[in-house]
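K.L.:
Chains A and B, in that order, give the protein sequences. First residue of the first sequence: 1, per the numbering used here; consecutive thereafter. First residue of the second sequence: 1001, per the numbering used here; consecutive thereafter.
Think of the hints as simulated: they come from the structure by calculation, not from any bench. Warning: the hint list may mix true and false statements.
Said to hold, decoys possible - According to the in silico footprint, chain A covers these stretches of chain B (three or more CB under 8 Å from chain A):
#	region
1	1034-1048
2	1090-1104
To be verified - Between beta-carbon pairs, the in silico distance windows are:
#	chain 1	residue 1	chain 2	residue 2	range
3	B	Ser1161	A	Ser58	24 to 32 Å
4	A	Leu139	B	Glu1057	32 to 40 Å
5	B	Met1001	A	Ser120	50 to 58 Å
6	B	Lys1142	A	Asn87	22 to 30 Å
7	A	Pro26	B	Met1011	27 to 35 Å
8	A	Arg114	B	Ser1106	23 to 31 Å
9	B	Val1108	A	Tyr128	16 to 24 Å
10	A	Ser120	B	Met1011	42 to 50 Å
11	B	Met1001	A	Lys107	32 to 40 Å
Glycine residues also receive a C-beta, built at the ideal position from the N, C-alpha and C atoms.
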Amino acid sequence: MILQKQSMENANSVGMPMDPAIKLNPSEGESEANHRENCSKSLASDYSQENFSKSFPSLIGSLMYLAVATRPDIAYAVYRLGSFMSNPNMSHWTAAKCILHYLSGTKDYGITYRADKPESGENHFKGYSDASYANNEDLTSVSGYVFLMNGGAISWGSKKQTDVALSSTESKDM
Amino acid sequence: MAKGYTQMPGMDYTDTFAPVVRLETICTLLALALTENWEIQQMDVKGAYLNSKIKEELYMKQPEGYNDGSGRVCRLIKSLYRLKQAGREWNLEFNQQLESHGWTPSMVDPCTYSRHKTEGIEIITVWVNDLLLFASNPVLMKNLKHELQSTFEITDLGEPSKIVGIEIDRD
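Here chain B stands alone, though its shape is the one from the complex (with noise of 0.2 Å):
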């Protein structure tokens, strides 16, 4: 963890605001997967914000533990957690990351991404770490979820449960 409370905003850091996927998109895609009979999925990036590299030329101490002792400190060429710009950095990260792999954005909710092939659609929508995923059949939802896998470090939490304290329920 770094001591973000050190940081100094313009030069550490400048924005720290990053969206999160609305509520209403959620509600409307689980009805909609329904009435669609679409498979829904969920998963959860590990250690999401270690993903991202940093804009911003930051310098901290050796942590404790791995302090050679020279005195020298270290240059962050990647995020950790507690940087004030975590959040944000990993957001955009993720953003091009999907971009990269053909999904776009909704217009309405930038959380939200979809992408359409010959066998069907697919939805990613995002809340920080935390995924859910649609997917017009089973086959689909298969190649998405290696494909995400194989891009980030991440665990399949299979059937939704819980998202953002809600619990769901299909039955």
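This is chain A alone, in the form it adopts within the complex (with noise of 0.2 Å):
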């Protein structure tokens, strides 16, 4: 469906959603300007100016409904463009069109739950915790869990930290 909005049912896949060490800037002052009339110039005739800024948000919120209900794997990405929904540049919109180009080669992908129990026959539950270090424009740092039971995902997230970490290990503990 997102896809199919964007034109993008055939898109090429790609292995990744978001290039890990990609530079995500908000827009700045008279840039800004300019990287509106490049972005409305370089995309598809039908995107005009206002545009643009219009469907960014809403392509950003599909996505963030997808990376809720049933893929992590897209959540870090999608978060991280979150931030830029007010004002999103080129740069904004092609990490937004890379997340496309990873969910078009991975459609069928979703959670599965399994019926046999580990053998010691008690649930098991996993969690897993990691963070960033101060890879945002403003030296704030990205924290991310996800929760397993029986190695089915039930609980996920990714989240930018409120404050600036001073060392990785802090950012580890926020």
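Put the two chains together into one complex, using the hints given.
P.N.:
The following block contains the structure:
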């Protein structure tokens, strides 16, 4: 559905939803107008200038629902773009398209819960969490977590930390 | 449908919020139902919002097609769609019905109800009028459905295939 809306049903697939080393910066004052202009020029003709700032939040909104519902694998990429909703530039648009390319190759991904219990006979819970260090423009870090029950994900998230961590140890502790 | 946009806050309604089941709860219950070999069924309450009584004193013009020309107005006893408080009142009504039938809402997710019997356990999750039913054996599930059908006008959707836009498939 989301892919259809962007006319990308048959888009080439990519291996990752986002380049982990990507630098995403907020659009700024003067350059912002240029960015907008470049964007609308280089995008397909059906995207006018205003259209661009409207369709970006709508696309991210759709992707967020997917990330919340059944696709923890795109959570990080989507939440990172989420902070540029109100003022997107070309780099954000490109990154969003990259997620769509990734999705087009992984349409059948979902979460599978299994009936076989672990040998102990008890349900098995596992939780993972980690955090990056100062990879955002404002030097904040990003936390991520996932909880599994018998190997199936039941809860997950990716969130920009609210304070600036002074070390990677502190970042993982936030 | 009522013209909810003409309602005045404080006069015609107060709170309008209502909880829905957490997605994590649904995921956890689906995972649990598999290892415990529980039955899972889905039901949908018809005209859910029409079930609840209204606390406020509300009047509306006679609806088109049902106007007797007398110029009199209708006093609303029960809720209508588009009333500001409709969603909240439905949730309160449903909660009250379940509690009177021996169900207990979860401490961590108020839209998840459970009931323990000697024959096993039953769980209901509520997303507005969309219910997921879990029961530890088929007889329990059958009785549970009968019970709900005698309390509400309700559609039996069988094995769940879709809940809040998420497709479910059990093999």
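K.L.:
Hint by hint, note whether the structure agrees.
P.N.:
Going down the list of hints, with the structure as the test:
1. Residues of the region 1034-1048 of chain B lying with their CB closer than 8 Å to a CB of chain A number 3, which satisfies the three-residue condition for coverage.
2. Counting residues of the region 1090-1104 of chain B whose beta carbon lies closer than 8 Å to any beta carbon of chain A gives 0, which falls short of the minimum of three for the stated coverage.
3. About 27 Å separates the C-beta atoms of Ser1161 (chain B) and Ser58 (chain A), a value consistent with the hinted range of 24 to 32 Å.
4. The given range of 32 to 40 Å is broken by Leu139 (chain A) and Glu1057 (chain B), whose C-beta atoms sit roughly 57 Å from each other.
5. For Met1001 (chain B) and Ser120 (chain A), the hinted distance range of 50 to 58 Å is satisfied, since their beta carbons lie about 55 Å from each other.
6. For Lys1142 (chain B) and Asn87 (chain A), the hinted distance range of 22 to 30 Å is not satisfied, since their beta carbons lie about 56 Å from each other.
7. At roughly 44 Å, the beta carbons of Pro26 (chain A) and Met1011 (chain B) sit outside the given window of 27 to 35 Å.
8. Roughly 24 Å separates the CB atoms of Arg114 (chain A) and Ser1106 (chain B), a value that falls within the hinted 23 to 31 Å.
9. At roughly 21 Å, the beta carbons of Val1108 (chain B) and Tyr128 (chain A) sit within the given window of 16 to 24 Å.
10. Ser120 (chain A) and Met1011 (chain B) have their C-beta atoms about 60 Å apart, which leaves the hinted 42 to 50 Å range violated.
11. One distance hint, 32 to 40 Å for the beta-carbon pair Met1001 (chain B) and Lys107 (chain A), holds here, with the actual separation near 38 Å.
In terms of the numbered hints stated before, the structure departs from hints 2, 4, 6, 7, 10, listed from lowest to highest.
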